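**Student:** Starting from the given sequences, assemble the full structure and let the hints guide the process.
Chains as they are written, first to last, in this note's numbering: chain A, 1 to 181; chain B, 1 to 398.
To be clear, the hints were calculated from the coordinates, so they are not data collected in a lab. Hints may contain errors.
Stated by the list, open to error - Simulated crosslink set (EDC-like; lysine to aspartate or glutamate; CA at most 20 Å straight-line):
(1) A:Lys90 - B:Glu281
(2) A:Lys21 - A:Asp143
(3) A:Lys5 - A:Glu177
(4) B:Lys166 - B:Glu280
(5) A:Lys123 - A:Glu178
(6) A:Lys90 - B:Glu280
On a predicted model such as this, the values are computed, not experimentally measured, just so you know.
Chain by chain, the residues:
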Amino acid sequence: MTESKSWGLLAEFPNPARLLKAAQATHAAGYRRFETFSPFPIHGMDEAMELPGSKVPWITLAAGLMGMATGLALQWWSGSVAYPLVIGGKPLFAWEFALPITFELSILFASFGTVLGMFALNKLPRPNHPLDYVPRFKKVTDDAFFLAIPASDEQFDLEASKAFLESIGGEHITVVEEQNG
Amino acid sequence: MSAHHAPQINPMLPPEKLKKGLALAALLGLGGLAATGAGYWMGEHEQFYGSWLLAFSFYTTIALGALFYVILHHLTRASWSTGLRRVAENLAANLPLMALAFLPIAFGLHTLYHWSHADAVAVDPFLKIKSPYLNETAFYIRAGVFFVVWTLMAFFYRRQSVAQDKTGAESHNFKMRKLAPISMILFALTLTFAAFDWLMSLDPHWFSTIFGLYVFSGSVVSFFAVLSLVALWFTSGKSELGLTIGNLHDSGKLMFGFIVFWTYIAFSQYFLIWYANIPEETIWYQVRLSNGWQNVSMLLMVGHFILPFFVLMSRHAKRNRLVLGLGAAWMLFMHVVDLYFVIMPTLHHHLHMHWLDLSSLVGLGGVFALFFLLRFRKVAAVPHQDPQFQASLEYDNA
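**Tutor:** Right, here's the structure in full:
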């Protein structure tokens with residue numbers, strides 16, 4: 001009954017080094033969707049969790065190229081199709097004068113792509129999360145270190161995973177309830 | 001975070017490795033110089049001076065890029081750059097050698113520089129106006145000042161750093177840091193005016209205020225290319241220097257960054273001249289966009305920016321020894337093309353390559369590498385007593 005409603009399991013660890021070890025052990029045990037939480041970035045955590053490389057750079061590249069195309073098209077269309085006026089004896093379109101704007105729009109689009117792509121991949125903004133309802137979890141912005149295994153992990157099993165978290169030194173292991181609405 | 005033990009470091013370059021490098025450098029140096037000398041003897045005087053200026057500018061800019069790295073390191077109190085600093089110190093210490101390599105240019109002054117002919121200046125109002133700056137005496141005096149200033153700076157930083165290998169005292173860092181700001185100012189001024197004197201004045205009517213920065217940006221790219229190649233060589237096979245792929249990655253990142261910087265400066269120069277469309281300025285590009293030179297210009301745009309930009313952008317590329325090595329070698333070739341693009345159109349109306357270009361580059365390069373490598377015989381290859389040395393090895397900022 002509780003299993004169907006639970007979001008997953010949350011365990012607390014006393015310091016960053018222990019959390020790092022726990023992340024390694026959790027990955028070694030076959031969990032793939034677990035998360036770690038700490039008040040500050042922990043060097044080596046990406047490697048410990050064996051996270052794959054981020055997909056954001058590809059979004060940045062695509063957005064940057066789109067910005068480039070937009071910049072070129074905008075200047076070519078406005079200068080030589082919509083308003084073909086000779087200014088300063090310059091050609092209606094030339095890559096020389098088009099380059100600064102093209103560059104700026106590439107950067108602008110790439111930056112927006114990076115930020116928005118990061119938000120989208122992280123499924124942000126998200127005003128609430130089941131973990132917010134665990135009272136101890138509030139300490140995560142101060143001095144506590146957590147590891148969570150969501151029920152969506154293929155290897156998740158309430159009892160077995162609970163026992164596993166205990167075996168790697170997790171404290172205050174909590175079953176996190178799914179919140180509706 | 002990881003509290004593992006620091007690996008045992010042997011800061012000296014293995015003698016067998018060094019011996020191989022020295023032998024190759026000596027061979028290339030002797031062969032190249034002999035061929036270049038033969039070319040001069042065969043009567044190719046004009047071509048010899050042009051080719052020698054190309055080779056001289058190529059290696060001088062690399063040594064200057066190294067000096068910039070050393071000064072910048074102390075100016076910003078950096079720690080990440082400590083591991084590879086000795087390479088830069090030893091490269092910069094080649095600057096007095098470049099003073100020697102400058103002699104043929106001084107002898108060939110009348111062949112290379114139109115403004116050095118009194119009769120030409122007499123009938124040319126523009127050259128007359130410029131003559132208080134552009135005259136033989138002032139040219140020699142400035143060249144002397146450049147080399148004295150560079151030699152003093154290169155020797156000072158290397159001497160302090162080598163002395164620290166023995167004492168391990170942090171007082172050396174304080175001394176170097178104290179002189180870094182004035183060194184940087186002197187570096188900027190000398191490099192700018194050297195670029196004006198030796199390269200821009202090849203076409204004495206033409207001027208571009210950004211030209212010093214243009215030469216500087218190419219110089220830093222080629223230095224980081226050399227740094228990457230040397231670091232790859234240092235860490236090939238069994239290496240006990242302690243250098244990691246992280247240090248190579250840093251060198252590659254800076255090379256990549258300055259490739260973009262070079263493009264920015266090169267475009268800025270071209271863009272403003274294109275836009276203003278004043279004949280005395282556009283002539284320089286007009287020459288370089290006709291008679292076959294347009295191919296060199298195109299190669300420069302594609303090879304010095306577009307290709308390396310996309311190849312070296314990825315983190316994986318810069319952490320891959322083969323890709324980084326090929327990229328660095330390619331950028332060195334592109335630096336030759338860049339200087340070729342600046343120098344040679346004043347010599348040849350039509351695009352024309354000569355074997356003396358190659359022999360000068362190989363010959364002077366061999367000697368340059370020889371003196372660079374000789375400095376590793378008795379001195380450590382890494383500044384292992386610098387308080388920041390260990391930290392610079394442990395850096396691996398993704």
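**Student:** Look at each hint and say if it fits the structure.
**Tutor:** Comparing the hints with the structure gives:
no., hint, verdict
1, A:Lys90 - B:Glu281, "holds, 17 Å"
2, A:Lys21 - A:Asp143, "holds, 18 Å"
3, A:Lys5 - A:Glu177, "holds, 6 Å"
4, B:Lys166 - B:Glu280, "violated, 57 Å"
5, A:Lys123 - A:Glu178, "holds, 17 Å"
6, A:Lys90 - B:Glu280, "holds, 18 Å"
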